[in-house]
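J.: Chain by chain, the residues:
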Amino acid sequence: MGNVFTRYIDRLRGSGDAAITLPPMDGALRPNNRIEEAELLVSTEAPDNLVLHDGKVLFSSDKSLRSLTADGQVEELDATDSTIEFLTSHPSGALAIGLGAGRIEIRGGPHDGKRLLALGQTPIVAPSAAVFVDSDTLLICLASRQHAMGEWKRDLMTFGATGSVMKIDLRTEEAICIAQNLAFPSGVALKPDGGILVSESWKHRVLSIAEDGKITPVLDELPGYPSRLVPGAGNDIWMCVFAPRTQLIEFVLRENEYRKRMVAEIDPEYWIAPSLHYPNSYLEPMQGGGLKQLGELKPWAPSRSIGLVVRLDGEGTPWESLHSRADGRRHGVTSCLPTDEGLVIASKGGDAIVRAIT
Amino acid sequence: MSVEMIDGQPLVEMRSATKEYRGVPAIRNVDFRLAPGEVHALLGENGAGKSTLTKIMAGVTELTSGEMLLNGQSVSFSTPGEALENGIAMVFQETSLVPSMTVAQNLYLGEEKLFNRLRGIYIAAQQFMQSLNFDVDPWADVATLGAAKKQMVEIARAVRQQARVIIFDEPTATLTPEEKRHFFNLVKQLTRRGVAVIFISHALEEALAIADSISVLRDGELVATGPTGEFDRNSIVQAMVGRTLSEELYHSHGEDIVRRPGKKVLSVQNLSMSKVVKNNSFSVYNGQITGIFGLIGSGRTEAAKVISGVLKRDFFHGGEVRLNNKPVRYRTPRRAVKDGIVYVTEDRKIEGFFENMSIADNIHRAAQAANVSSSFFVSFSEVKEMAAEWSKKLNIKAINSNARVIELSGGNQQKVVIARALVQKPKIVIFDEPTRGVDVGAIAEIHQLINELADQGIAVVVISSYLPEIMNISDRILVSRAGRIVEEFSPEEATEERIMFAAVH
Numbered sequence: 001m002g003n004v005f006t007r008y009i010d011r012l013r014g015s016g017d018a019a020i021t022l023p024p025m026d027g028a029l030r031p032n033n034r035i036e037e038a039e040l041l042v043s044t045e046a047p048d049n050l051v052l053h054d055g056k057v058l059f060s061s062d063k064s065l066r067s068l069t070a071d072g073q074v075e076e077l078d079a080t081d082s083t084i085e086f087l088t089s090h091p092s093g094a095l096a097i098g099l100g101a102g103r104i105e106i107r108g109g110p111h112d113g114k115r116l117l118a119l120g121q122t123p124i125v126a127p128s129a130a131v132f133v134d135s136d137t138l139l140i141c142l143a144s145r146q147h148a149m150g151e152w153k154r155d156l157m158t159f160g161a162t163g164s165v166m167k168i169d170l171r172t173e174e175a176i177c178i179a180q181n182l183a184f185p186s187g188v189a190l191k192p193d194g195g196i197l198v199s200e201s202w203k204h205r206v207l208s209i210a211e212d213g214k215i216t217p218v219l220d221e222l223p224g225y226p227s228r229l230v231p232g233a234g235n236d237i238w239m240c241v242f243a244p245r246t247q248l249i250e251f252v253l254r255e256n257e258y259r260k261r262m263v264a265e266i267d268p269e270y271w272i273a274p275s276l277h278y279p280n281s282y283l284e285p286m287q288g289g290g291l292k293q294l295g296e297l298k299p300w301a302p303s304r305s306i307g308l309v310v311r312l313d314g315e316g317t318p319w320e321s322l323h324s325r326a327d328g329r330r331h332g333v334t335s336c337l338p339t340d341e342g343l344v345i346a347s348k349g350g351d352a353i354v355r356a357i358t
Numbered sequence: 001m002s003v004e005m006i007d008g009q010p011l012v013e014m015r016s017a018t019k020e021y022r023g024v025p026a027i028r029n030v031d032f033r034l035a036p037g038e039v040h041a042l043l044g045e046n047g048a049g050k051s052t053l054t055k056i057m058a059g060v061t062e063l064t065s066g067e068m069l070l071n072g073q074s075v076s077f078s079t080p081g082e083a084l085e086n087g088i089a090m091v092f093q094e095t096s097l098v099p100s101m102t103v104a105q106n107l108y109l110g111e112e113k114l115f116n117r118l119r120g121i122y123i124a125a126q127q128f129m130q131s132l133n134f135d136v137d138p139w140a141d142v143a144t145l146g147a148a149k150k151q152m153v154e155i156a157r158a159v160r161q162q163a164r165v166i167i168f169d170e171p172t173a174t175l176t177p178e179e180k181r182h183f184f185n186l187v188k189q190l191t192r193r194g195v196a197v198i199f200i201s202h203a204l205e206e207a208l209a210i211a212d213s214i215s216v217l218r219d220g221e222l223v224a225t226g227p228t229g230e231f232d233r234n235s236i237v238q239a240m241v242g243r244t245l246s247e248e249l250y251h252s253h254g255e256d257i258v259r260r261p262g263k264k265v266l267s268v269q270n271l272s273m274s275k276v277v278k279n280n281s282f283s284v285y286n287g288q289i290t291g292i293f294g295l296i297g298s299g300r301t302e303a304a305k306v307i308s309g310v311l312k313r314d315f316f317h318g319g320e321v322r323l324n325n326k327p328v329r330y331r332t333p334r335r336a337v338k339d340g341i342v343y344v345t346e347d348r349k350i351e352g353f354f355e356n357m358s359i360a361d362n363i364h365r366a367a368q369a370a371n372v373s374s375s376f377f378v379s380f381s382e383v384k385e386m387a388a389e390w391s392k393k394l395n396i397k398a399i400n401s402n403a404r405v406i407e408l409s410g411g412n413q414q415k416v417v418i419a420r421a422l423v424q425k426p427k428i429v430i431f432d433e434p435t436r437g438v439d440v441g442a443i444a445e446i447h448q449l450i451n452e453l454a455d456q457g458i459a460v461v462v463i464s465s466y467l468p469e470i471m472n473i474s475d476r477i478l479v480s481r482a483g484r485i486v487e488e489f490s491p492e493e494a495t496e497e498r499i500m501f502a503a504v505h
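From first to last, the protein sequence lines stand for chains G and V.
Counting from 1, one number per residue, gives the positions in the first sequence under the numbering used here.
Counting from 1, one number per residue, gives the positions in the second sequence under the numbering used here.
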């Protein structure tokens with residue numbers, strides 16, 4: 001009873017759970033134009049999954065596996081039957097490919113040709129990220145059991161929390177569930193102490209999973225949706241944030257009737273939901289609209305897409321960030337790769353691979 | 001340029017002026033001369049004797065020995081009223097207005113007739129304020145005014161009393177740059193009418209810009225006096241403190257080391273309070289000094305007061321304050337203190353300490369409020385030890401820890417306020433104008449202390465309207481305007497122009 005009363009009061013006051021507030025994008029997350037100003041390496045459709053494999057920079061573009069040469073040329077290496085959702089490489093020569101059709105393929109290395117259609121009893125519905133622990137062990141994020149990766153907006157708008165992190169022994173195909181009921185885990189990285197970092201997109205946080213299985217948030221209350229985690233120099237980790245949180249979207253997430261009708265009746269491209277790209281159609285909800293009244297800008301259509309990569313230290317504390325702001329085009333950054341020449345960034349929403357100086 | 005005295009006779013002259021409190025000299029054998037129409041800057045560290053010297057002229061206190069001459073006649077005023085009758089008015093550093101009365105009523109206080117026509121008083125007050133170019137509503141209750149506007153009313157009151165000598169004690173400390181320009185114009189107008197102005201300030205650049213003559217006091221003695229042209233910033237500082245401080249004063253960072261942020265400890269999200277704080281958002285990190293610059297009325301102080309439980313945010317849709325990622329809403333400052341958030345006020349005399357209590361009692365009361373004190377009953381030895389410890393740590397200069405805070409100089413009072421905050425073992429310290437009305441020597445000490453807090457991993461927020469301070473002490477600079485944070489700068493990219501542009505546009 002008390003709970004109902006509290007909820008009613010909170011809803012009336014806009015406080016507690018009903019407080020539609022957002023963490024500020026300041027400090028290390030202070031907006032800049034570093035992605036927007038970064039050197040363009042190649043314009044290509046929806047690039048994703050940058051990985052260094054056998055000395056080559058590989059990336060995916062929908063169903064194609066491609067390589068990026070030093071002179072900025074793109075070479076088509078392979079084409080698969082469904083969207084490539086993740087790529088991860090091991091020094092033994094192994095390349096793991098997660099496919100939207102619900103399988104994982106290993107190419108090269110000691111388990112060349114292996115195909116996984118399930119992880120133990122767990123079906124592969126939305127493989128989102130993976131990392132090799134060693135040549136025989138793979139850590140895999142399954143973002144959802146209900147929605148494929150292409151339906152990520154639906155997973156967010158229906159409060160999906162069916163994601164898991166699995167550890168699989170490639171020799172025996174024995175799978176262990178390390179964490180489950182996660183809200184869209186979409187990035188995984190190994191810590192030097194043997195622990196694991198996992199980004200939980202819909203809860204805007206990064207979790208640390210210790211060897212004993214204890215899960216603790218190391219970075220919480222992010223102003224966007226985190227995805228891939230990529231090791232950098234020293235103990236640093238690069239974290240891609242593929243879209244910003246806005247008060248409008250948080251509001252829609254609270255308004256159940258509106259949200260349900262929107263999900264049921266409208267094309268996802270036109271939802272009031274995060275987006276990977278700047279609007280392409282006038283039918284999409286407007287972004288960045290505002291009205292200057294009495295000398296004060298009143299934003300009424302906040303941006304649903306940005307480009308953001310954040311550098312975390314070994315403790316998971318942000319200390320540097322690269323942005324493409326609301327008025328930029330290199331949005332929807334889902335993948336990055338630190339190299340000697342700089343940070344290579346894949347802007348999936350901006351159809352570009354760029355290199356920023358860090 | 002020095003102003004020539006008419007027939008060589010000064011308007012006010014002090015000869016071998018000495019004033020002792022309980023046998024301790026506040027000023028010693030001071031010879032001071034003030035010419036008609038002259039702006040005379042009186043400079044010195046806190047406790048140097050500036051206020052004592054001027055208080056004697058204004059009739060607040062009397063000389064122990066020596067002589068004061070007005071137009072060549074020996075005088076001694078036993079009350080401020082007597083001094084005013086003789087044409088000497090003083091605008092005090094701490095406001096002496098009646099908060100429950102309106103601006104107009106304060107302006108005409110003491111001149112009430114048997115039957116007053118209020119409308120006439122308000123119209124006259126409004127015209128008078130407009131003639132001074134002060135934007136203050138005469139109908140407003142003084143209690144509702146900010147510090148700057150209170151200062152304007154104080155100045156207006158002194159000008160209205162048509163004094164021949166007006167003493168301004170730190171008149172510009174609370175004014176915005178625009179308001180300062182108005183004030184300096186006003187001083188020029190006064191001097192053209194033959195009014196002599198004594199200008200006490202810690203802003204040396206202002207003294208150099210506005211004064212015709214400068215006198216410097218140190219430890220109660222006059223150590224330098226002469227036309228302004230004979231001084232520069234370094235020579236003044238050297239005279240004030242006996243050493244050159246210009247290098248160390250605003251470079252307490254050392255070699256411009258900017259601390260990397262620690263964990264986010266405080267997140268202010270879409271905070272709103274009335275029309276003063278509007279949808280304000282910013283974060284504060286451990287081990288870093290977050291500087292907040294803003295002009296008066298930009299909502300920075302009010303946001304800090306909401307965070308620390310002094311003020312309440314809007315009841316409906318007031319936003320959130322998250323401490324270590326948990327939403328908090330404090331109804332009293334005490335609850336904030338228990339969670340480790342302390343606020344060091346900008347208005348120390350009203351909100352900072354109990355002025356009639358001793359240093360020791362003030363510090364101990366603060367410890368009790370935070371339950372830091374070890375026992376339920378007051379242990380006098382603990383009170384004494386606590387006072388000794390903090391007096392030593394913060395270099396509080398007083399006869400002993402039983403001295404009443406009201407007897408201390410502004411800088412030492414501020415140190416007591418800081419001691420009261422730090423004794424509560426805070427995790428987040430919000431300093432609001434930490435060096436306002438504080439002398440250069442104490443500024444360096446307070447800055448050093450703030451840096452040490454950040455080095456210990458404590459999250460520090462410094463709110464200041466003094467650009468050199470904010471630029472040199474902050475690891476990151478936030479700019480507040482119209483109730484919200486509108487811009488953030490790193491120390492490397494911050495310039496006075498960029499910060500000011502963000503603050504006013």
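Incorrect hints may have been included.
With a straight-line cut-off of 35 Å between C-alpha atoms, the simulated DSBU-like cross-links for lysine-lysine are [as the list claims (entries may be wrong)]: (1) G:Lys203 / V:Lys427; (2) G:Lys260 / G:Lys56; (3) V:Lys278 / G:Lys203.
Label-pair distances were calculated between CB atoms; the ranges are [what the hints assert, rightly or not]: (4) G:Glu39 / V:Val372: 32 to 40 Å; (5) V:Glu85 / G:Arg13: 44 to 52 Å; (6) V:Asn395 / G:Pro91: 57 to 65 Å; (7) G:Asp236 / V:Arg331: 56 to 64 Å; (8) G:Trp319 / V:Pro468: 25 to 33 Å; (9) V:Asn279 / G:Asn235: 50 to 58 Å; (10) G:Gly16 / V:Asp455: 35 to 43 Å; (11) G:Glu39 / V:Arg233: 40 to 48 Å; (12) G:Asp236 / V:Ala143: 25 to 33 Å.
Facing chain G, from chain V, some residues (calculated, C-beta under 7 Å) [what the hints assert, rightly or not]: (13) Gly72; (14) Arg259; (15) Gly319; (16) Glu320; (17) Asn324; (18) Phe376; (19) Phe380; (20) Glu488.
These aren't lab readings, by the way, just hints derived from the structure by calculation.
Note that the structure is predicted; figures quoted are calculated from it, not measured.
For each residue, glycine too, the CB sits at the ideal point set by N, CA and C.
J.: If you test the structure against every hint from before, which numbers come out violated?
T.: 2, 4, 5, 7, 9, 12, 13, 14, 17, 18 and 19
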